[in-house]
Amino acid sequence: MNLPVQDQETAVPQWEEELARVGFVRRLLRARKWYGADWWFVAISSVMVLAFIVVALFPQWFAPYGPHEQVGPRFLAPGETPDLPLLIVRADSGLSTLEDLATGPDDEVSRPPIAVLRGAPTAGALREQAALLDDELQESDSGLRLRPNIRRYDTVEEVLQAVQEGEAFAAVLSSVQYEEAAGQFPDLDAPSDISGGVASAGDFLLGTNQIGQDVYSRLIWGTRVALIIGFSASLVALFLGVPLGLVAGYAGGKIDRVMTVFMDSLYAFPGLILAIAITAVLGPSILNVIIAIAVLYIPTYYRIVRGQTLSVKQEVYVEAARSIGAKPSTILRRYIYPNVIPSVSIIFSVNIADAIITGAGLSFLGLGLPPSTADWGIDIARGQEFIQTAWWLVTFPGLAIMLVVLAFTMLGEGLTEILNPKLRDR
Amino acid sequence: MSPLALIFLIIGIPALIGLAYIFVRGSAGLRRYILTRIGLLIPMVFILASLVFFVMRVLPGDPVRSSLGPKGSAETVARMREQLGLDDPLIVQYGRFLGDIVTLDFGNSLTGGRRPIIDEMSERFPATLELVIPAAGLALLIGIVGGTLAAARRKRPFDYALRLYSVVIYSIPVFWLGLIFQLVFGVRLGWTPIAGRIDPVIATTLERTTNILWLDAIITGNWAALWSSLSHLVLPVVTLGLILSGVFLRLTRVNVIETLQMEYIGAARARGIRERIVVGSHALKNAIIPVITLLGLQVAILLAGAVLTETVFSWPGMGQYLVQRISSRDYTAVQSVITMFAMLVALISLAVDIVYSLVDPRVRY
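Protein chains in written order, with numbering that gives the first Met the number 0: chain A, 0 to 425; chain B, 0 to 364.
Bound-form chain A, shown alone (with noise of 0.2 angstroms):
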């Protein structure tokens, strides 16, 4: 510019003088009372952003369970009661749990006969619980077994029916099943289920997934890889790439030259593509993927930096530090650097964002990470398969991404003008 000083002061408004003359953070505090900026924007942005790292960093504070436990039924869809196998007795009788129903050792003819329903699960499941129990009773030394006389029948009602007369001591059926034919049969009662208290009705949230994984804790826990990867990513980028846009911008010439053609070409590039191959050839890791995308985005570091140093440099007050003699490096940390640093923090908080989708797409494709980790992309690549009858699979990991990329990147947005106040109203 080379207007004249007099008309300068004229043309910019006195807030915006000021605002240019104080630091990074009192230019936060105060440009909402200079100008109106929209401060709530950065606010709730921020508040978001604050509550997802809590949540990477303390995940076991809000998921019920494990990232890799298989906690209940599969498929169980959003706020559905799993279906649990119910031991079913008679009222009277005063058995309320499996164990009740053991008996002392080598009784071979009084072994209990528990009614279930031919080719149903809950047989299956029955067998498994007992042979359990009946381990645990052996090492206990209580002298009791549990071999539980499993008798079949073709309906529910038969298999009710032999447990109002006798004819069993308890039957096992699964919930659904017992709650249809129940009112016919009022003197009996389902005092526990026989899961071994694996899975109790109403706590998967988000349903489970193909394994029996509940969806919601795998969410939660996806918070952190989503976060590592964002955060890493962005940071190994900064610590690349302004250095190298400053010493391009400061230093000029051939250097400035063949750096700048080199980053422009990586920029150019479809970012993902690259990134697929670098972590094709790197192989599944967390550190891998931080590489690839990191990568990426140094040019938009490199950038920034270089074309921001190139209008610092012609400032008078370079110049000054120059002719008294002031060494480069410390032009570059002392005068160029401080000007640098407000759009390199927008920059850095989009590119989080950025980072993350980037990565949920590698996951997505299979190519980032280990296939047991608990991430988004991963349950929304596995979720695919199912999308015909388990929709909650691929909706939920998809939302979760969409509302952490959503945090940073408003919040890149809301800096951009409270620190640029020039650029309002992009």
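What the hints contain is simulated information worked out from the structure, not anything from laboratory work.
Possibly wrong hints are sitting among the right ones.
Under the rule of at most 20 angstroms between Cα atoms (straight-line distance), these lysine to any residue pairs were calculated in the SDA-like manner [claimed, not checked]: (1) A:Lys253 - B:Thr35; (2) B:Lys154 - A:Ala101; (3) A:Lys253 - B:Ile41; (4) B:Lys154 - A:Glu412; (5) A:Lys253 - B:Ile46; (6) A:Lys253 - B:Lys154.
Add chain B to chain A, keeping to what the hints say.
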């Protein structure tokens, strides 16, 4: 003639004629600009191709081993390595690779029937074009119309709604949006198929020339195939188009707002021209130029988005091919596809820059 060559002819010949025309008629400055731009194109493709080549060579898996399977004897492996020239020094292989790029002959793929890669690409590339071009068109349409309307109703609810839309759509992973559309329109409502390009039964009746299926269907008058191909196309195109539309919407809005503050707009209003025409014609004409540039830059995002969209919809395009070949460690195919992508991006951004310099007289060469 292969479909790929056909497409290159259809697009390439007019482009070359146009370039020659601009070159001859343009000013000296423009000519120098175009030459510099082309000059920069070569190092760009070269850098990316080299990057891909060397990155692929450090690959931990062995393509020959994985293509022969566990049964391949050491002898067969050695013979095949020799045939493919994998035993040569790296620098020789590198030279050969660069030569292949120049001649566009990428050799045979290592897996899947060992067909020439250029043949496989000429089947896949039209599929990607079929998806990407309408998607870009849709994004542009939503972006320009929505952005202009939002700018005209600035700071009113409609404007806020569209701004929110553009932020939210930017945050949605493209593959997830595709899956949600499959869930709603494919599974729940049953309106559209959820995978593939065309019904496999109908596909057998379709004679292919360009491999852009709806075009082939129109050429041969096969209406059943046309319907099937279009109904398969709807969901992927809408998915990709919507995801891209947010960026265009934002940019159009900002530019129209900026243009509306110019003096000539005030002059037009003062002359009593209706607001609709002021915004839609006078302002939009100037505001649209950066949007067109963005379209060129977005090709990169478009292609990346296409990889995910193709995977979600089992769309047999270049992106799906790339992902498949990566998992089978077919690195000749992988590096060829990535090089193709690099050339594509470079060419399109060149074309956009040249068009830009023509459309906007203010541009400095």
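* Just pull the numbers of the violated hints for me, sorted ascending. => Numbers 2 and 6 - these are the hints that the structure violates, sorted from lowest upward.
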